[in-house]
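Chains A and B are the protein sequences, given in the same order. Numbering that gives the first Met the number 0 numbers the first residue of the first sequence as 0 and each following residue consecutively. Numbering that gives the first Met the number 0 numbers the first residue of the second sequence as 0 and each following residue consecutively.
Treat the hints with care, as some may be off.
[Claimed, not checked] For the chain B half of the interface with chain A, some residues (derived, Cβ under 8 Å), not all of them:
{"hint": "1", "residue": "Gly81"}
{"hint": "2", "residue": "Ser86"}
{"hint": "3", "residue": "Asp96"}
{"hint": "4", "residue": "Val98"}
{"hint": "5", "residue": "Arg160"}
Derived by calculation from the structure, the hints in this document are not laboratory data. Model, not experiment: these values are computed from the prediction. Backbone N, C-alpha and C fix where the C-beta goes; we use that ideal spot for every residue, glycine too.
Residues per chain, in single letters:
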Amino acid sequence: MRSIRWLLTKDLRILMRSPLTTAVLIAYPVVVALLIGFAFSRGSDKPTVAVFNQVPADEQVQIGNQKLGTVLGQRELSDRVKVLKVSSRDEAERKVRDGDALAALVIPRDAVAKAESQLGQSQVELLVNEEDPVKGRFVDDTIASAVAAENRRLSRALIRENLQYLQLLLKGGTVNVLGNDFTVLGLRRIGAITRAAKRELPRRSAVRRQLDQVIRFNSLAQQNFDLGARALTAASEPIKVQKQIVSGTRVPLTSFAAALAVAISMMFVTVSLASGSLALERAENAFSRLVRGPVSRAGLLGEKVLLAGLAGLVVTLLMVLVLSGFVALEWDRFHLWLVALLVAGLAFGAFGTALGAVARDASAASLLAFTVLLPLVFCALVPSGVVSHWLYDLTRAVSAVFPFKPALDAVNAAFYGDGALLGPLLHLLALAGAFAIAARVAVTRFQ
Amino acid sequence: MRTDGPPLLQAVELRKSYGGREALRGVSFEAREGELVACIGPNGAGKTTLLTILANIQAPDSGTLSAAGTMGWVPQQPALYGKLTVSENLRLFARLDRVEDVEEAVARMLAQSGLEDRADEQVARLSGGNRQRVNVAIGLLGAPAVLLLDEPSTALDPRQRERLWEFIGALATQGTTVVYSTHVVSEAERHASRVLVLADGERLFWGTPAELEETVSSDGDFEGAFVAFLRQRGH
Numbered sequence: 000m001r002s003i004r005w006l007l008t009k010d011l012r013i014l015m016r017s018p019l020t021t022a023v024l025i026a027y028p029v030v031v032a033l034l035i036g037f038a039f040s041r042g043s044d045k046p047t048v049a050v051f052n053q054v055p056a057d058e059q060v061q062i063g064n065q066k067l068g069t070v071l072g073q074r075e076l077s078d079r080v081k082v083l084k085v086s087s088r089d090e091a092e093r094k095v096r097d098g099d100a101l102a103a104l105v106i107p108r109d110a111v112a113k114a115e116s117q118l119g120q121s122q123v124e125l126l127v128n129e130e131d132p133v134k135g136r137f138v139d140d141t142i143a144s145a146v147a148a149e150n151r152r153l154s155r156a157l158i159r160e161n162l163q164y165l166q167l168l169l170k171g172g173t174v175n176v177l178g179n180d181f182t183v184l185g186l187r188r189i190g191a192i193t194r195a196a197k198r199e200l201p202r203r204s205a206v207r208r209q210l211d212q213v214i215r216f217n218s219l220a221q222q223n224f225d226l227g228a229r230a231l232t233a234a235s236e237p238i239k240v241q242k243q244i245v246s247g248t249r250v251p252l253t254s255f256a257a258a259l260a261v262a263i264s265m266m267f268v269t270v271s272l273a274s275g276s277l278a279l280e281r282a283e284n285a286f287s288r289l290v291r292g293p294v295s296r297a298g299l300l301g302e303k304v305l306l307a308g309l310a311g312l313v314v315t316l317l318m319v320l321v322l323s324g325f326v327a328l329e330w331d332r333f334h335l336w337l338v339a340l341l342v343a344g345l346a347f348g349a350f351g352t353a354l355g356a357v358a359r360d361a362s363a364a365s366l367l368a369f370t371v372l373l374p375l376v377f378c379a380l381v382p383s384g385v386v387s388h389w390l391y392d393l394t395r396a397v398s399a400v401f402p403f404k405p406a407l408d409a410v411n412a413a414f415y416g417d418g419a420l421l422g423p424l425l426h427l428l429a430l431a432g433a434f435a436i437a438a439r440v441a442v443t444r445f446q
Numbered sequence: 000m001r002t003d004g005p006p007l008l009q010a011v012e013l014r015k016s017y018g019g020r021e022a023l024r025g026v027s028f029e030a031r032e033g034e035l036v037a038c039i040g041p042n043g044a045g046k047t048t049l050l051t052i053l054a055n056i057q058a059p060d061s062g063t064l065s066a067a068g069t070m071g072w073v074p075q076q077p078a079l080y081g082k083l084t085v086s087e088n089l090r091l092f093a094r095l096d097r098v099e100d101v102e103e104a105v106a107r108m109l110a111q112s113g114l115e116d117r118a119d120e121q122v123a124r125l126s127g128g129n130r131q132r133v134n135v136a137i138g139l140l141g142a143p144a145v146l147l148l149d150e151p152s153t154a155l156d157p158r159q160r161e162r163l164w165e166f167i168g169a170l171a172t173q174g175t176t177v178v179y180s181t182h183v184v185s186e187a188e189r190h191a192s193r194v195l196v197l198a199d200g201e202r203l204f205w206g207t208p209a210e211l212e213e214t215v216s217s218d219g220d221f222e223g224a225f226v227a228f229l230r231q232r233g234h
């Protein structure tokens, strides 16, 4: 164990005397964290849309007694887009053309009147810049979603109003038409009146038989009015979505991006350091001198894994510290972060030593590390349904035999409580063991 | 140079193969206290394989190896950390070798290698000759009974080579047994008490340089005799 300590001290001293490497190790997580942080703080997931609303600000939609605010009101739009208010159609068009806004919405003067009249459709104009198909699709989907939400809001209000009329016909009551109050008897009270009238008539009366027909019709009409009310409610939202996560992550996009950045930084720093420091022992010809007595091959590999794991832990904690200025983190889970990052670091370290043992020198080790690591990240991030079934299964299989995916799962679990932590930790430990064995076999040929 | 007394190092019938290729074919030899043994032979003869087996870097497939006392190892290329200073390198390997008094050993090696004034200089800034002196000094940190050197004079200029051999000769005089490989045949003649000639992993000769010269009738120098000997033995 003392040998490991001396080797660790030696490697840290060499690291400190390599200013470029040290600068990269410190600057890398800080720069990545700042980039992610600034990206989050800009709220890039909401496109900027210029809105020219020709409806006067004090003119609001009212259906019956329901006050619904403005057409395409602030809430419907601002949930989905960043609203940029403009004062003319030309200005709206200019904003789109100059790239200040991804699209523009022109809301016509008669939008409120048409929405209230229930007799015509209001036509909203959408101006888009289709120079980028991806952006164009994004705008189409976002605006279509906002308009659908507005239509749903208005149709619910209309249905609520119509339901009130149905209830009036069913239960009776007072209705105001053009300032005059009228009393509506209602089917239930008609039923009660007809049943009372029937009881007053002789049993064999012809009028009594006719009243029976009226009573039956009234009963049938009441039942159908109840059904009609339920049908109208259903018609306001024929399909309702109930989301249930059966696999994958439930963390918000920004948090997932932070976890992803942490896992990627940890991987690059740890794997590069482990593979590079092992390759350096060969480059300095020190390997044979070390393993002939003072340190066993396994001990030397263990030291490299530990060095890389600890360095990865420090670097990613530094990164998390910077990220905490932008993303809300649960500091009471800090002990779980430490466990997840340390175990992930050890697994990446073992993977790095295996790469370093395969490579002939330090530069080949670095090249090999970067060549292997990028595809691993892509494999781990391929979502289901976008590639063929067999290819998706292949990416999952590849991701399972390398530490990146379980490290990402462990970070998500430790930082956000997304899923159990134990599973990814055991997975990482198993991979650490497997790669350590592979590295030990590979260094047998070292002399 | 001594060739009497009990052997400090004894190798018997050492064999080693890599895949289907035999690198050592039953090589035997011995070295006594204070003796300088040179291992010479053409490229690929098995010199480095033999020395790495003696140094316990790799195990033989068969054969026995016995050594009375510790063995120091000096690889062909300086095995040093360029970013560490001379004294930091010495201190690191002294600690790893579990030398009892680390600071005393470092001071002794700095004095013995004549590098006291360069102790705080990074190894990467030293000349090839000085680097090799540090390389040898590390091999001597544990005051080994036997010192194994793999082509120690490679990449040194004649003056540096001369100083290195003075250093090694002084060690032998103090009782350290030295086994070294070299492709500079004259270094075997000048410094070794006995030579081990290897070719294709096979021991072709074991004896003094004079005895080697006697086995062939050559009018030239030792190198000429060596070449004639190899030719005579089909190499």
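Do the hints match the structure? See the list:
The criterion of a C-beta within 8 Å of any C-beta in chain A is met by Gly81 of chain B, whose closest approach is roughly 7 Å, and the hint holds. At a threshold of 8 Å, the smallest CB-CB gap from Ser86 of chain B to chain A is about 13 Å, leaving the interface hint violated. Hint status for Asp96 of chain B relative to chain A: holds, with the closest Cβ pair at about 6 Å, below 8 Å. Interface restraint check: Val98 of chain B against chain A, minimum CB-CB distance 10 Å, threshold 8 Å, status violated.
Proximity of Arg160 of chain B to chain A is violated relative to the hint, the smallest CB-CB distance being about 20 Å (cut-off 8 Å).
Taken one by one, the earlier hints fail for this structure at numbers 2, 4 and 5, listed in ascending order.
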